[in-house]
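Trainee: These are the residues of each chain, in order.
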Amino acid sequence: MSAPAIEIDNLVVRFGRFTAVNDLSLTINERELFGFLGPNGAGKTTTIKVLIGSQRPTSGTIRVAGFQIPAEFDQVKQQFGYVPDTENHIEEFTGRENLELFARLYDMPLSTVDESLARLELSEAADVVVSAYSKGMRRKLLIAREIMHRPKILYFDEPTANLDAHSTELVRELLRDLASQGTTIFLTTHNMEEVEQICDRVAILCRGELVDCDTPTNFVTRHAVRIVKAQFEREGNVIRESLDLDLADQRERLAEIIRHEKCVRVHSQEFDFQDVFLKITGQAYT
Amino acid sequence: MIRSAMIRILLDREFRRLRKNPSAIMLIGLLSAVALLMATSRPVSNKGDQPGPNGASQSAVNVWLIYDQRSQWLDHLSENLPDTPTIRIVHRDRVPIENGTWKLPPQDAAVEVVYGDKFTTDRGFALGKVVLIGRYPGKNAETLAPFWNWFWPALSEYHTGGLRFEQSSEPLNPDAAHTPTSLENTSVADLVTNELIATMLLLIVIFFACCHLLVSFTAQDRERGTLSAIVLSPANTSEILLSKFLFHLLISFGGCLTIVAILKPIVLTQPVLWLVILLSSIGLMCVGTCIATLAKTQASAALLALCYMLGGTVLFYLSTKFTAFYFIKQLAFENYTFPLLFSTMKRPVSVFQAPGLGTMFVLVGAWVGIARSCFYRYGWR
Ligand SMILES: Nc1ncnc2c1ncn2[C@@H]1O[C@H](COP(=O)(O)OP(=O)(O)OP(=O)(O)O)[C@@H](O)[C@H]1O
Ligand SMILES: [Mg+2]
Chain A
0 MSAPAIEIDN LVVRFGRFTA VNDLSLTINE RELFGFLGPN GAGKTTTIKV
50 LIGSQRPTSG TIRVAGFQIP AEFDQVKQQF GYVPDTENHI EEFTGRENLE
100 LFARLYDMPL STVDESLARL ELSEAADVVV SAYSKGMRRK LLIAREIMHR
150 PKILYFDEPT ANLDAHSTEL VRELLRDLAS QGTTIFLTTH NMEEVEQICD
200 RVAILCRGEL VDCDTPTNFV TRHAVRIVKA QFEREGNVIR ESLDLDLADQ
250 RERLAEIIRH EKCVRVHSQE FDFQDVFLKI TGQAYT
Chain B
0 MIRSAMIRIL LDREFRRLRK NPSAIMLIGL LSAVALLMAT SRPVSNKGDQ
50 PGPNGASQSA VNVWLIYDQR SQWLDHLSEN LPDTPTIRIV HRDRVPIENG
100 TWKLPPQDAA VEVVYGDKFT TDRGFALGKV VLIGRYPGKN AETLAPFWNW
150 FWPALSEYHT GGLRFEQSSE PLNPDAAHTP TSLENTSVAD LVTNELIATM
200 LLLIVIFFAC CHLLVSFTAQ DRERGTLSAI VLSPANTSEI LLSKFLFHLL
250 ISFGGCLTIV AILKPIVLTQ PVLWLVILLS SIGLMCVGTC IATLAKTQAS
300 AALLALCYML GGTVLFYLST KFTAFYFIKQ LAFENYTFPL LFSTMKRPVS
350 VFQAPGLGTM FVLVGAWVGI ARSCFYRYGW R
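Chains as they are written, first to last, in numbering that gives the first Met the number 0: chain A, 0 to 285; chain B, 0 to 380.
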């Protein structure tokens, strides 16, 4: 693994007496595609806002690409891109005008505008004013804008919200591409399928506290509950039983059922990342 | 560090936005149209300009301005005497007297300066009322109209230092048939001159372009998050602020230039005019920046800008009554804008002799500091 791209140490963010992020410590490596998950109101957006320097932390230290945030914000800001959870386009400009403004600010050749638009399949809508864009188109335009200057670190706050199936796939493909080309990606999402598909590592935040941090596969193997459901008939009644394969007596019981009962159906229950997430955050809530 | 390329890009963006929202500067077009109409149409015939019923042409009337106590505003007036009517400013002791009453040449009128309930604050500031009693020959109070037409505008160029002026009239010869006379008898039209209207139009343009428009655009940028997107780009905060200021300054200058060019093009060459417009514009842009950064939403920012304008107006009225407001007013750079603009409208004023220009410079400088730190701290967060 290479040098850390983002280091968060004991980050605390309070709004008045309310603590939105509590003692969060995380290290994200270069070239990593890092998923930052949590239920609504967990503090994900707040954390990203601290990372980009728009929210002052109450305490804790943050280093992005080796620079302190917010003290060295001016030196580091060109190295990252930020796709916020709400679009911030210039509404009266067309999609192309929006991107052109930022291309000029970042001193990129104007040809990158067309490349970026084509990449997100927005070429046709390029000359339509943004106020006439659909939600998904706005989202894609935002992503197109932020990848244009080829940042080293990209923050995505729910990049695939409001996207149709095809566009979602397009964006995931793009994220994978960017990561393979060396971009560090820090993303939040509520789409668990996406997490399993693309994230290298995942942190789960709940009520401002870090609950766990690992790879999605490890999460599933560590938290998976292996349950088999059996359905059989006895004296005209249908009986259902759930059996946990991690317990010896229940494994015995399953063998017994298969051997002696008239089984209608025996099936194992799938356990994916979504179940892990629900289990972990559910526990954290109770 | 300020990079001109960044400024150019950001300025270009502001102008593009304006081109897509032309209604944003409709007010300036409207005011220019007003100016154009003023310049091209004939004035409504004014009672004061016509000979009075006693047959005497009023412009021939000489006026004696009679005082007991010499003061600064009188000095100011004596330096700015008009060609007509001929006005003589004299001490009471020097007015010819016969049988205990004034003996003025026939057809001459007198205006007596009487200090009303005057008091002095502990800081030595005189606050109080000055009543000007116009005494006209014959029966017609309108005889004095040319005097008032000169007096009020000339006075308003001068800082009255907390004094409140009132006008009243009565016949010089009490035996003459009494015509009811009071301020109500004087038409407002007598007090309003083209220079006064031009000054008001300029004030509106400056306030609108620099305070209202800036608040509205900046708050919109903040609310939509566009500002934070631009702050995250390589453009730094100083460049963003400077480009905004340049944009609004250009609109303000453009609007003022149009109005002055239509109403009184000769004033365009006056450096004081542009200096005052520049200083007031910068000051108001700073106020606007503070309002836009401290307000949470565009709606509340627009309301705050309105409060600022109305609050300022109320303050100016109260300042003639209460010392506290009087001192607050001295700290407002807008206090100096009106008299300076108005005097330049009337006649050339030297940069070095313009009263209040230096104070204005200092006050606006302070506002620049406040706005800068406000924008740096809370501008996009
Ligand atoms: N400016 C603010 N003032 C007060 N409280 C705030 C502010 N911003 C965020 N919060 C609170 O902090 C908590 C975390 O908010 P945040 O937006 O970070 O959640 P999130 O994890 O991004 O949620 P979601 O998944 O819904 O986007 C919430 O309870 C929110 O109410
Ligand atoms: Mg969020």
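Since the hints were made in silico from the structure, they are not lab data. Given the structure is predicted, the values throughout are model-derived calculations rather than measurements. Using N, Cα and C, we set each Cβ at its ideal position, and we do this for glycine too. Honestly, I wouldn't trust all of these hints.
Covered by chain B, per the in silico footprint, the following chain A stretches (three or more residues, Cβ under 8 angstroms) [as the list claims (entries may be wrong)]:
#: 1; region: 87 to 93
#: 2; region: 101 to 110
#: 3; region: 201 to 215
Trainee: Residue count check for the region 87 to 93 of chain A against chain B: does it reach three with CB-CB under 8 angstroms?
Mentor: Answer holds; 6 residues pass the 8 angstroms Cβ test.
Trainee: Per the coverage rule (Cβ-Cβ under 8 angstroms, at least three residues), is the region 101 to 110 of chain A covered by chain B?
Mentor: The restraint on the region 101 to 110 of chain A holds, since 5 of its residues have a Cβ under 8 angstroms from chain B and three suffice.
Trainee: At a Cβ distance under 8 angstroms, does chain B reach at least three residues of the region 201 to 215 of chain A?
Mentor: Violated - the region 201 to 215 of chain A has 0 residues with a Cβ nearer than 8 angstroms to chain B, which falls short of three.
Hint 3 from the list above is the single one not met by this structure.
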